[in-house]
Amino acid sequence: MSKRITFILSIGILGVLFFILSFPLNHWLSQTMPRHQLIQLPLMLVIGLFIGYQNKNINITNLPWGIAILILALFSLMFWMLPRSIDLTVVYPWFNRVMHLHIVGVGFFISLVFRNIMFEVQMAFLLMLSAMLIATGAVLKTFAILLCSSFTIEQQHETGLYLLSFGILLFVVTLFLFFKGLGKVSNQRSSF
Amino acid sequence: MKNFFPPVLALVFCISIFWKWTLGFSAFTVFSHTLDRAGDLPRSFPNLKMIDQDSALFQIEDKNKYILLNFVYLNCPYVCHKINNRLEDIYLAIDNRVIPTKLELVTVSFDLKNDHVQKIKNYRNHFNNSIQGWTFALPWQMKQHDLESYLQKVGVWAKSTPGSTIINHSVYLFLISPEHKIVRTFDPTRESNQAIIDQLYLCLKE
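Protein sequences appear in the order of chains A and B. Heads up, the first sequence is in the working numbering, so the first residue is -11 and it goes up one at a time. Heads up, the second sequence is in the working numbering, so the first residue is 6 and it goes up one at a time.
Among the hints, a few may not be true.
Unchecked claim - The calculated SDA-like cross-link candidates involving lysine to any residue, where the alpha carbons are at most 20 Å apart (straight line), are:
1) B:K164 to A:P81
2) B:K118 to A:V79
3) B:K164 to A:F83
Said to hold, decoys possible - Beyond 12 Å from chain A on every Cβ pair, some chain B residues (computed):
4) I172
5) D192
6) Q204
Don't read these hints as lab results, they were simulated from the structure. All values derive from a computational prediction rather than experimental measurement. No residue lacks a Cβ here, since even glycine has one placed at the ideal position from N, Cα and C.
Using the sequences plus the hints, can you model the full thing?
In structure tokens form, the structure reads like this:
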């Protein structure tokens, strides 16, 4: 019973957080590119990841479909980083909310897939994600042309710098997890 | 083989969405997307009745010469003035036998709420004293909504940011032929003044 209450409570808190980010804070978060791309979007992903983490009953154990979901998740994140998509989310609040729901969904499915999928796929996903962040960050940081009409070139460069830094950090963490996990996997395999 | 199917299906689906969204991986920004969607060049320039800084009504159709046209709004905090300063440099660099006999410059404001004839007249006075052949204009008797769809037909993205006076917009320059066709678009954020001038001369020769 207490587990059920904790579950309902945590989902409720995440729902309230989603509402606050998507409605009262939406205008403020859409005012600058770093707020929009580095606060609002990642927080939506985190909400989705937590919802998925709380749902222990739903599991995706099928490897091909797990990989398919991770491909969809990566492309979804890429989609919402395209300059055109970013501009439309700022101009049309309804489109921004489509993005919020989509990103929450992406986080939810990543969470479901990640807890059961094989280690190598997890690492491949994290490496591709870090590569994507590094590439996007480098483009935003170095392009002297305004890519998103809703923001300024300074905000574009600032967002690029943070994305680049976060991408490199994620890459280093992934490498660390890879070599740490590699030992465990080879131990498990040798014990068979 | 069965296991191969879901990831490939996901990949094909994602690439198709990206293909559609970016018009075949060619338009990643709202500016380029609006321009691409307007159609390939050369294409007809949608006619527009305008009023100039001297309150005279005119249409691009009536001018049987090349027109270099751009869209601005006078409350723009930065880019419009920068582009117009670039246009002034281009204007001054072009042989005065070409402007205004063969080529004219037209700068149109799309801010129907805040810009008016007197304002564009005052704005024009900030430029070089003798800019004969460079007209500043406003769309004549047009509603904001109709203007937005008109701009989309031309290939210009212009949308207000909610809760702000800023209008996000494209800064393309359109070269319109005497046959009222857009024959060339220039992106002054990517192309130098000299490159634009060279292209203008090339089109005039043709």
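For a quick check of understanding: which of the numbered hints are violated here, in increasing order?
Going through the list in order, the structure violates hints 4, 5 and respects the others.
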